[in-house]
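Residue numbers (numbering that gives the first Met the number 0), protein chains in the order written: chain A, 0 to 187; chain B, 0 to 169; chain C, 0 to 454.
Among these hints, one or two may not hold up.
Claimed, not checked - 25 Å max Cα-Cα, derived PhoX-like pairs, lysine-lysine:
1) C:Lys128 x C:Lys139
2) B:Lys32 x C:Lys124
3) C:Lys128 x B:Lys32
4) B:Lys32 x C:Lys139
Calculated directly from the structure, the hints in this document are not laboratory data.
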Amino acid sequence: MELLFFLLFAGLAIAGAVATVWMRYVVHSAFALMGTFLGVAGLYVLLGADFLAITQILIYVGGILVLILFGIMLTPPDRTERNAKRVIGFSASLVAIALFLAVQIGSVVRWAEKSNLEAPKATAAPIGRELLRPDGYLIPFELVSVVLLVALIGSVFIARRRKAVRVDDSSTAAILAERGTLQQKAGA
Amino acid sequence: MYFDYFNVFVFLTTGLLFVFANMIVGGLVRPQKPTPEKLSPYECGEDVIGDSWIRFDIRFYTTALIYLIFAVEIAFLFPWALVVREIGMLALVEGFTFVAILLLGLVYVWVKGDLDWVKTYNASVKGGTEVEDRPAADIHGGPLPVELLQAAGVGPTITEQQTKGEKGHS
Amino acid sequence: MSASLALSLWLQSARLQQQTGAALGSTTAPDSNWTLDLLEWVRTSWLSTKLAGLAGMDQAPALPTWAAAAIGAGIAVGIVIGFVSVVAMFSIWLERRVAGRIQSRIGPNRVGPFGLLQSLADGVKLLLKEDIIPSGADRKLFVLAPALVMASALAMFAAVPMADGAGFTDINLGVLFIVGISALATIGVIMAGWSSNNKWALYGAMREAAQVVSYEVPLGISLLVPVIVGGTLELGAASRLQSGWGGSCWFLFQNPFVLPAFVLYFIAALAENKRAPFDLPESESELVAGFHTEYSGIRFSFFFLEEYAAMFLMSAVGTALFLGGWNFPGIDLLKGGWLIAAQLAVFVVKSMFLVLLMIWIRWTLPRMRVDQVMVMGYKYLTPLSLICVVGASVWEVWAAVPFHERPIWMQLFTPVLVFGVCAVLGAMLRKQAIESAAQPTTRSRIAPRAHAAAH
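Could you build all of it, start to finish, from the sequences and the hints given here?
Next comes the structure, spelled out in structure tokens:
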């Protein structure tokens, strides 16, 4: 049964990822990415990491996917078809590399095996305790806020529209002329 | 725990299937007589002009960016909130430091005007004429340019409101 | 990246299967739940035993765990779909009746007693309407969008506890789950708006997404306050923690910062549900019908249903976390089945009261401007809700012990404060209402516009 669910979520994740590179239009790719995010969230649940799963949905689907969609809407609409041949070649090589790496990793790593695990327990409170333990993850927890601050300021700075461009008199005249035509249009 | 999430999974899939089942049931009883007019996009009775897949303003992107940072903050604060009484003073200090650092970010975007939805056209800034780079299509968000409104004869009241409203954070 | 991750996971599936051996109870029994208890009761009932006797067994065989889980979830889902439909239809009826009342007209009163069956009649009518997919639309996404929206609404219902032990499921991360899964509805709305290939729809969807995204922050932060007070993310456990004082020890009365947090939560929930005065994504004077302009017939009804289901859901979460859940003074005098029924009734009535409040607000307040809406979430609600979090956590750490072990003055402080604030506010509003009623009505309100037009 768990294998069934594992295959379902893994399939969803892979199908979403393949569709993301396969789809004709960028917006479709973005929506296909949602399948990947949900599939990965399902895998987290199967591994007993429920907090991680819900955070995955909250941040990836609610935040990053919306951000990607807004980003796509920001760019000029692209309705041209992508070159299917190149996509096939590219994704085939990508799959080959991934397969190779996965087999390598799978054969080298010694997996911890335990045939009879106890049922997973709630993870949120232990995470909270770890985050606040001085010899646990207290410093990383605080550093995360600094990282977030830097990310916020940096990304907003880059995203910010060029603001208040100072212009010399010649371009002012041009703008005033443009404004005149604007008013004429509005009057008409 | 797995049973709970299994339930969630069933609820999600049922939600999806519920819609399609209704569509199929409805398909048996509803009429199907399409005409070109019926199938044209609704634009208040006018003929459709142009494509609606257009470029949007960067304000939307900035909003989503700010949300993303705060969503991560919320995700970190939930485990913190669970244990704050249990751990006590240390949790308070650490939590407040965390929040304070992120509030700095909020203050930054606030002061820099990234939170403002309408960025007014302000031609009378000292030290030369300043012109703001207006977005390509502004029909979806804020009001029309002040000049247009003035030209249409509703200028004075609007301009007053605008300058009054924008004085605080321009 | 995720693809290669998933692939490598897949290749290791045999081993992972052992690691996740506990999945769905192959090695351990699933968590107890009333749907499973019901199945067990059916299995051991007289009739089943008789039938098993006919087949030559002394008792009906137990179902495999996964089958029991599936049937249990199926029962829950059936109940939820019925419940959601009834609640949404009732809310729609309520909205129209209240609107009629506020606007001095009657509202629906023909179909059934008091027009109660009006929504059902509308549903049948919508089912019989022609299904129109605009010619320029992106058909696949157009069809998928309402399903996504409905799925997220239903999944959120999974986490709401209606009575002690009678929730559909009680996820131990309930609060976070509800905040997170509502993101799916946003994606559904963007999908609907984008696939319609209609300008109004796309603007509506973009506005909606931007609005939901900026109000999710104060929503999440204000929900931290009851989590701090209760120390649990589970909605059912939170309700159980509020059962003291004969059922009136709500979180609202346990910490002075819960009341402002509740107000902030309610405002953010209004915006999150695109309810007036935050209904810009579908403001009819600007965007026709917003993201569902092109949706008609039964497809449209899913968005409509979801809106009212989400209203009830947000109210239910508010009830469970702020207003005591199923607890009410004197409810613990009841026993057994009566207790469950009374808890269910209390919970639904409390939630419907909040729904009524949302409806009342919609027909009272004018719509805000888009820039006001976009600014309010980050500039006012977020800092205020952070203040509430700070205050609540300081109060809890200062008190240091669970609520019922605190000194008596500390226990009484918050209820007195809450009732005092409510009394003062009520008196102020009453005075204002009397004064405004005493003033003669004038036409001065429309004068400035006439002035501007004459300019």
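- Item | Structure-inconsistent hints, enumerated in ascending order | Hint check: nothing fails, all pass.
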